[in-house]
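Chains as they are written, first to last, in UniProt numbering: chain A, 1 to 853; chain B, 1 to 853.
No lab work stands behind these hints: they were computed from the structure.
Source: prediction; values computed, not measured.
Among the hints, a few may not be true.
[Stated by the list, open to error] Simulated crosslink set (EDC-like; lysine to aspartate or glutamate; CA at most 16 Å straight-line):
hint: 1; chain 1: B; residue 1: Lys766; chain 2: A; residue 2: Asp831
hint: 2; chain 1: A; residue 1: Lys680; chain 2: B; residue 2: Asp791
hint: 3; chain 1: A; residue 1: Lys766; chain 2: B; residue 2: Glu754
hint: 4; chain 1: A; residue 1: Lys766; chain 2: B; residue 2: Asp791
[To be verified] Listed next, with one range per pair, are the computed distances between beta-carbon atoms:
hint: 5; chain 1: A; residue 1: Leu735; chain 2: B; residue 2: Ile286; range: 49 to 55 Å
hint: 6; chain 1: A; residue 1: Arg676; chain 2: B; residue 2: Leu700; range: 30 to 36 Å
hint: 7; chain 1: A; residue 1: Glu817; chain 2: B; residue 2: Ile808; range: 24 to 30 Å
hint: 8; chain 1: A; residue 1: Arg676; chain 2: B; residue 2: Thr225; range: 53 to 59 Å
hint: 9; chain 1: A; residue 1: Thr315; chain 2: B; residue 2: Arg517; range: 44 to 50 Å
[As the list claims (entries may be wrong)] Derived, one-sided and incomplete: chain A residues facing chain B with beta-carbon distance under 10 Å:
hint: 10; residue: Trp311
hint: 11; residue: Leu640
hint: 12; residue: Lys680
hint: 13; residue: Tyr749
hint: 14; residue: Lys766
hint: 15; residue: Cys774
hint: 16; residue: Ala777
Glycine is no exception: its CB is placed at the ideal position from the N, C-alpha and C atoms.
2 protein chains.
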Amino acid sequence: MSPFKTTIPLSLSSQPLNSLKSDEAASGPKQGPTFQDGQRRVDYVLTYHVQKPQSVRRKTSRFADYRILRSLRRSLSTMRSGGTPPSKEDPEIAAHKHRLDYHEDDKRFRQTEFEDNLREVGLELEKDEGNKIPGIGFLKIHAPWNVLCREAEFMKLKMPTKKVWINLFIHKVTAPLHPKVEPNRPQNVKHLSHPFSREKQHLKFDLLKMTFTGITSLLGNGVYTAAYPLHDVSILPHISIPMKYFGEKIGLYFAWLGVYTQMLIPAAIVGVIVFLYGCATVDNDIPSMEICDPRNNITMCPLCDRACSYWKLKTACGTARASHLFDNPATVFFSIFMALWATMFMEHWKRRQMRLNYIWDLTGFEEEEDHHRAEYEIQVMQKTLKKQDMSPKVGLFPITHVQRFSSLVPLQIGVTFAVVFGVILYRISIRAALHMSSNPTARSNIRATVKGTAAVINLVIIIIMDEVYGAVARWLTLLEVPKTDKSFEERLIIKTFVLKFANAFSPIVYLAFFRGRMVGRPGDYVYVIGSYRMEECAHAGCLMELCIQLCITMLGKQLIQNNLFEIGIPKIKKLIRRRKSDMDSQQQEDYNMTLQRHEKDHFLGPFVGLSPEYMEMIIQFGMVTLFVASFPLAPLFALLNNIIEIRLDAKKFVTEVRRPIAARAKDIGIWYNLLRGLSKVAVIVNAFVISFTSDFIPRLVYQYMYSPDGSMHGFVNHTLSYFNVSDFQPGTAPLQPMHLGYEVQICRYKDYRETLWSNTPYDLSKEFWAILACRLAFVIVFQNVVMLMSDFVDWLIPDIPKDISLQIHKEKILMVELFMKEEEGKKLLRDNHTNQGPFQPRSRPASHAPSKC
Amino acid sequence: MSPFKTTIPLSLSSQPLNSLKSDEAASGPKQGPTFQDGQRRVDYVLTYHVQKPQSVRRKTSRFADYRILRSLRRSLSTMRSGGTPPSKEDPEIAAHKHRLDYHEDDKRFRQTEFEDNLREVGLELEKDEGNKIPGIGFLKIHAPWNVLCREAEFMKLKMPTKKVWINLFIHKVTAPLHPKVEPNRPQNVKHLSHPFSREKQHLKFDLLKMTFTGITSLLGNGVYTAAYPLHDVSILPHISIPMKYFGEKIGLYFAWLGVYTQMLIPAAIVGVIVFLYGCATVDNDIPSMEICDPRNNITMCPLCDRACSYWKLKTACGTARASHLFDNPATVFFSIFMALWATMFMEHWKRRQMRLNYIWDLTGFEEEEDHHRAEYEIQVMQKTLKKQDMSPKVGLFPITHVQRFSSLVPLQIGVTFAVVFGVILYRISIRAALHMSSNPTARSNIRATVKGTAAVINLVIIIIMDEVYGAVARWLTLLEVPKTDKSFEERLIIKTFVLKFANAFSPIVYLAFFRGRMVGRPGDYVYVIGSYRMEECAHAGCLMELCIQLCITMLGKQLIQNNLFEIGIPKIKKLIRRRKSDMDSQQQEDYNMTLQRHEKDHFLGPFVGLSPEYMEMIIQFGMVTLFVASFPLAPLFALLNNIIEIRLDAKKFVTEVRRPIAARAKDIGIWYNLLRGLSKVAVIVNAFVISFTSDFIPRLVYQYMYSPDGSMHGFVNHTLSYFNVSDFQPGTAPLQPMHLGYEVQICRYKDYRETLWSNTPYDLSKEFWAILACRLAFVIVFQNVVMLMSDFVDWLIPDIPKDISLQIHKEKILMVELFMKEEEGKKLLRDNHTNQGPFQPRSRPASHAPSKC
């Protein structure tokens with residue numbers, strides 16, 4: 001079906017799951033990292049600094065120790081009772097945290113305490129101190145199957161979902177039917193028994209995650225230095241779906257990336273066809289033929305004050321021909337196509353997500369409750385204390401929280417706009433400096449220099465600012481002190497998105513919509529900040545420069561950020577980390593061979609979440625949809641990038657970073673909303689690009705309103721207004737008026753203005769207003785037609801695939817039947833029990849099935 | 001909170017339910033209609049024609065009888081087995097149906113068969129033949145509690161929802177806790193036990209509905225003449241929520257109507273303020289001051305060929321002043337307000353619906369499976385037979401079905417447009433006829449005559465066509481042969497909506513956007529169909545006429561359709577039905593006193609569904625939102641109408657029509673989508689009304705671009721172009737050029753065209769294009785800003801009210817706890833049983849609770 005299924009190391013296809021053996025079933029000679037006994041598997045690892053054990057000075061910080069202990073006990077007990085969600089950190093401790101001095105013995109004491117607690121829960125521990133890596137101790141943790149089973153019972157309290165209930169019944173009823181699951185079970189049948197065995201797999205991770213929720217504070221305090229589950233290279237080759245290895249959250253990312261990349265294929269093909277259409281018709285394009293015609297003798301007005309001189313329109317021939325590649329009627333079609341493509345992509349993903357939810361048994365899964373963030377708790381406490389001093393009421397807190405948030409919003413917007421404006425000013429000044437250069441050779445090829453450098457400079461600024469903005473967004477979000485982890489993540493994503501998006505798109509938006517718009521006219525130019533004249537466009541519009549900018553930004557950003565940053569920097573970091581251990585490369589290799597899995601993983605970078613991956617793709621999606629009218633090759637570039645990206649991401653997750661704790665997720669969350677917002681904005685942006693940036697509308701208007709013979713002949717002349725050189729403002733006339741070899745009386749400039757012999761020369765002409773009206777009318781028609789079509793497509797494609805909804809329905813019926821049988825059996829059993837009769841209940845096998853737990 | 005809560009007979013508020021007693025609990029002296037024994041309640045009534053019993057000629061139609069019997073048995077058994085949805089009618093029977101001659105003995109035989117089946121199911125029957133009403137027999141049906149309980153067990157198979165399971169557990173676990181529910185239970189506590197008792201209430205209706213699904217064919221064949229549950233006047237005064245009496249579907253309608261009416265209050269208030277603002281500022285409006293200025297001496301060109309003459313602009317003074325009432329800056333604000341209002345209304349309703357779903361325990365309810373319509377089954381069979389003759393494959397059927405559907409869509413659109421165009425042509429010809437009248441007095445007050453009559457004629461056409469379109473929509477839907485009842489209803493609604501909407505809005509759209517647009521100019525008018533000149537607008541725009549049309553349509557439609565049709569016609573029908581029994585009014589009254597409930601209900605009209613009610617309200621919603629920019633009083637009119645409407649509807653449902661079978665529904669279905677679509681369309685329509693129908697943009701443009709002193713002085717002059725009377729086309733100049741008492745050389749007309757002394761006189765001027773561009777720009781800005789704000793409001797208001805989501809969460813936790821206890825108990829019981837120990841299980845009270853079933 002897809003070309004990825006076979007070629008990508010971690011296949012992204014969502015075929016029905018193969019049989020999944022439970023841990024115990026897969027046993028025998030134990031594979032993967034184990035304890036020293038070679039039997040017990042290492043499920044999780046904590047690392048800490050090792051020093052010589054000292055006498056534990058319990059007295060010095062008895063109070064603090066007591067508190068830590070209490071909080072740990074509390075969090076471990078809440079885990080089981082299903083009460084209020086455990087706060088990660090007791091606010092009281094957090095407040096006292098800063099007052100504690102972290103002596104080594106304190107750390108050791110807390111480690112001991114924590115380990116005792118883990119053992120109390122039933123986990124098995126093994127220590128590995130400074131064998132290979134001096135100064136680093138490893139605490140390996142194994143969660144035995146019976147502990148998982150026991151915890152599963154309690155977990156149900158935390159997850160009051162239909163799923164769990166059903167699973168329980170299903171398990172009870174069907175347990176005898178599948179004591180040992182055959183590996184070659186038919187692929188398309190999804191047995192009802194399936195959810196339960198998988199449920200347990202998850203419980204393992206969930207349990208680990210829950211147990212170690214309290215560890216974040218211990219990590220923060222330096223009691224432990226790192227905490228991670230281990231990579232399992234032995235099972236990697238057998239895994240076809242990343243979900244099984246990384247959990248649903250990362251699985252969904254890869255599935256989404258796969259759907260997106262698949263959907264890019266048709267878009268790329270159509271884009272290439274549109275581009276080829278432009279190439280094929282470039283010789284028949286009358287306006288560019290007219291510009292390139294050697295008989296054409298149009299003298300243009302200078303492009304800058306004093307330094308520049310008059311120029312021949314002929315010289316713009318190349319640009320005009322190149323512009324036609326991206327500015328032809330096929331582009332309009334392509335814009336509409338891409339708007340519908342975006343809608344189809346969203347719909348397709350919705351369906352795929354539903355399908356995955358079904359296959360991965362997430363239909364009944366509900367998001368866990370959100371835990372309050374420690375920082376928030378501290379803030380609340382501080383506020384409460386402050387409030388208590390001033391007034392007896394505590395309830396005022398939410399108001400101040402809202403106030404703080406609302407005061408930060410304008411700040412963010414201000415920062416964003418300031419930087420965007422700064423970039424534009426920078427561009428103008430760079431250009432002016434180049435123009436003002438006294439070097440004649442530099443001046444002669446100014447155009448080429450400017451075009452090439454400006455885009456590259458922009459790219460560099462974008463990449464640098466991207467990192468800065470990432471930090472700014474994090475800082476701003478921290479200032480806000482969001483209540484929960486989820487809201488922290490969402491706020492951070494939104495802020496990062498707004499800033500990075502503004503960063504990536506501000507030069508493009510500037511080129512598309514502002515450049516060459518408010519330049520004024522010869523003799524009455526618009527100047528900003530003293531004497532900088534606003535930038536003008538070449539004759540064939542700014543579309544060409546927009547293309548170059550888009551092309552360089554897309555290629556450069558993806559090449560540099562993907563390859564250099566994503567692959568290069570982690571490599572360098574790893575290298576630096578190793579360099580500290582003072583070994584040459586041969587030694588290093590030998591040493592590596594001797595390392596155990598948990599020691600190898602120690603050298604990997606930490607897993608930083610999926611946000612950077614998604615963010616990169618969303619920005620790319622923006623490039624593909626927002627300005628596709630001006631750059632039909634964007635989908636192709638994106639496709640090529642993504643084919644590499646999937647492989648790089650997969651490789652990175654497996655070999656470059658520590659294994660993340662598997663997390664469940666039903667959907668891609670806020671990213672879906674951002675995508676949806678983007679595809680809405682894309683419609684209006686494309687409408688404006690077609691009508692304002694390209695020459696599509698002026699050409700149509702000329703052809704049907706002004707052309708004497710209904711053809712495009714004379715269009716170029718029609719777009720040029722006349723300027724009498726005697727009307728130059730003092731000090732702005734060219735220094736070398738005879739540059740072209742003859743004296744210029746009247747020069748031409750691209751604008752629709754009244755002729756010299758009208759009553760009001762240089763005023764905007766009737767043609768200007770007529771074309772403006774047509775441009776605006778086009779925007780309205782385009783926007784509404786495309787929106788209507790998108791809504792229609794949205795309505796046409798059902799959200800839940802037909803086969804999945806049928807399947808769900810069938811399962812429901814099946815389950816109800818099983819349930820009824822169970823009920824009947826129970827009734828019989830009950831009757832039996834009451835009557836104490838000799839009759840053996842029919843339901844016994846169901847109730848007393850040899851269950852693994 | 002709302003003014004309706006106390007005043008409306010059936011309060012629409014959704015306060016937490018009062019305690020609801022089960023049927024049995026509320027017993028004692030039985031209230032409401034009962035069997036002759038005064039004990040068993042009449043749940044359902046079938047009526048049939050009574051004639052002298054004849055010898056049953058079984059032989060004649062033995063074959064058909066056997067088939068009917070088989071189909072009945074099958075449908076009754078499928079009801080229980082939860083297999084494939086029962087087809088209402090066996091296709092074979094349906095095919096043979098036409099070949100059967102319906103002899104009376106056949107009918108009687110089928111009645112007997114059906115009644116036997118009902119008794120077999122466990123229902124209790126009582127006959128009442130022609131006691132009071134000669135020729136009519138009544139079959140009263142009572143569903144005993146134990147039958148309902150038994151059926152409830154089987155029903156669960158048909159409704160494999162979480163709800164039912166949970167209910168079962170809850171019931172088992174909590175049964176001992178509430179043997180007798182106290183009537184004065186605290187209002188805000190919603191006990192967990194609640195769902196179950198209510199579930200049973202519903203089962204009663206559901207069971208009845210299911211059992212009688214087969215009856216539609218019997219009704220169609222004339223075996224029975226009517227089937228309805230009985231009104232229960234005794235419990236009506238005690239019921240505060242219509243849901244309890246009519247079921248959730250009708251309850252939702254009233255709740256929706258209540259929310260809509262409540263939301264209309266702020267809209268009406270703001271609308272009145274906007275209108276008052278217009279009234280207050282009318283004397284400061286410079287353009288109308290200029291028009292009314294006695295010194296103003298502008299001669300206008302004639303409004304029609306030959307018959308009309310020149311006229312003074314002064315005479316348009318009244319219209320200009322009136323127009324200001326609806327055409328002022330406040331209207332723009334009001335349009336934005338109403339767009340956001342529509343969004344808020346949708347959000348508010350979504351939340352209310354969630355709340356009602358929770359309160360009415362519909363959160364787990366899933367729509368029943370849809371049954372195939374009998375007509376569809378027949379079609380399928382006929383097709384299959386036909387196909388079998390031609391080719392062995394049957395699978396081609398869906399394609400022809402799609403073909404049929406797609407061929408009908410253009411037909412519908414064609415019909416709609418033909419009628420709309422016909423109405424416009426009719427308007428033009430009426431107007432032309434009036435203009436061409438040779439009667440001078442008629443001609444002098446043509447304007448007033450036309451305005452008044454045109455709107456009324458339109459109203460009459462609208463009301464007549466409304467009925468025609470209703471029939472057309474039904475006919476078109478029947479032609480399509482939709483597969484299921486639900487799709488039949490949806491298609492019918494969509495078609496009716498499209499046709500009725502086009503009907504109600506075509507004159508308004510014509511007035512707002514087409515009238516006076518394509519009229520041409522003096523000397524070069526546009527003529528349609530020979531010699532009809534396109535209609536022109538009065539000086540102050542068509543806005544005034546649009547207002548009048550809207551006002552008359554809204555008031556007239558609502559008054560005539562609500563009062564005359566909804567109340568009057570059922571009354572007349574009832575009268576006619578009674579007239580047949582040949583009694584005078586006194587006799588009638590006496591006779592009525594003696595009638596029993598089931599006999600009284602027999603005289604009521606049948607319940608025809610909620611579609612007409614919703615449709616009326618949706619059209620009104622369209623009036624309120626779509627053209628609110630031109631008529632700010634629309635919400636007030638709608639509010640006044642709805643306050644009456646709620647009462648009329650409630651009265652109608654209780655006293656004018658037979659009691660409908662209670663149906664469950666989670667939402668208002670397709671109506672929500674229609675509302676949503678309307679509120680989206682409203683944004684763009686209002687944008688166009690403001691920018692094109694009103695003078696808002698031309699005024700702004702004049703003030704900021706052309707006015708010499710930045711004031712509105714000179715605006716009127718600016719909007720008028722010059723016409724040289726010598727340029728009239730031959731035969732179009734006025735017959736009475738000296739009408740005003742002086743010879744006219746140059747007359748003025750409202751348009752932006754080049755002056756007489758320009759190079760291209762009568763061409764569209766630069767001002768025209770500039771203003772057009774501004775109008776279009778306004779549309780783009782308005783549409784996108786309002787859409788953005790709507791999306792923001794949508795995002796801001798959570799779909800599920802906070803308290804409801806908290807409540808749901810709490811209940812879940814509670815339920816899980818109960819479930820865990822139950823599980824524990826079961827385990828104990830099991831252990832006990834296995835060990836045969838003396839220990840009595842803790843869970844016994846839970847399992848052996850004295851349940852009512």
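Hints, one by one, checked against the model:
1. B:Lys766 / A:Asp831: 95 Å, violated
2. A:Lys680 / B:Asp791: 11 Å, holds
3. A:Lys766 / B:Glu754: 11 Å, holds
4. A:Lys766 / B:Asp791: Distance ~38 Å between A:Lys766 and B:Asp791 Cα, so the pair is violated.
5. A:Leu735 / B:Ile286: 49 to 55 Å: For B:Ile286 against A:Leu735, whose Cβ atoms are near 53 Å apart, the range 49 to 55 Å holds.
6. A:Arg676 / B:Leu700: 30 to 36 Å: Between A:Arg676 and B:Leu700, where Cβ atoms are some 35 Å apart, the hint holds.
7. A:Glu817 / B:Ile808: 24 to 30 Å: Hint holds: Cβ distance 28 Å, inside 24 to 30 Å.
8. A:Arg676 / B:Thr225: 53 to 59 Å: 54 Å, holds
9. A:Thr315 / B:Arg517: 44 to 50 Å: 46 Å, holds
10. Trp311: Since the shortest Cβ distance to chain B is 31 Å, the answer is violated.
11. Leu640: 34 Å, violated
12. Lys680: It holds, given that the least Cβ distance between A:Lys680 and chain B is near 8 Å, below 10 Å.
13. Tyr749: 20 Å, violated
14. Lys766: 4 Å, holds
15. Cys774: The hint holds - A:Cys774 has a Cβ within 10 Å of chain B, the shortest such distance being about 9 Å.
16. Ala777: 5 Å, holds
Of the hints listed earlier, those the structure fails to meet are numbers 1, 4, 10, 11 and 13, in rising order.
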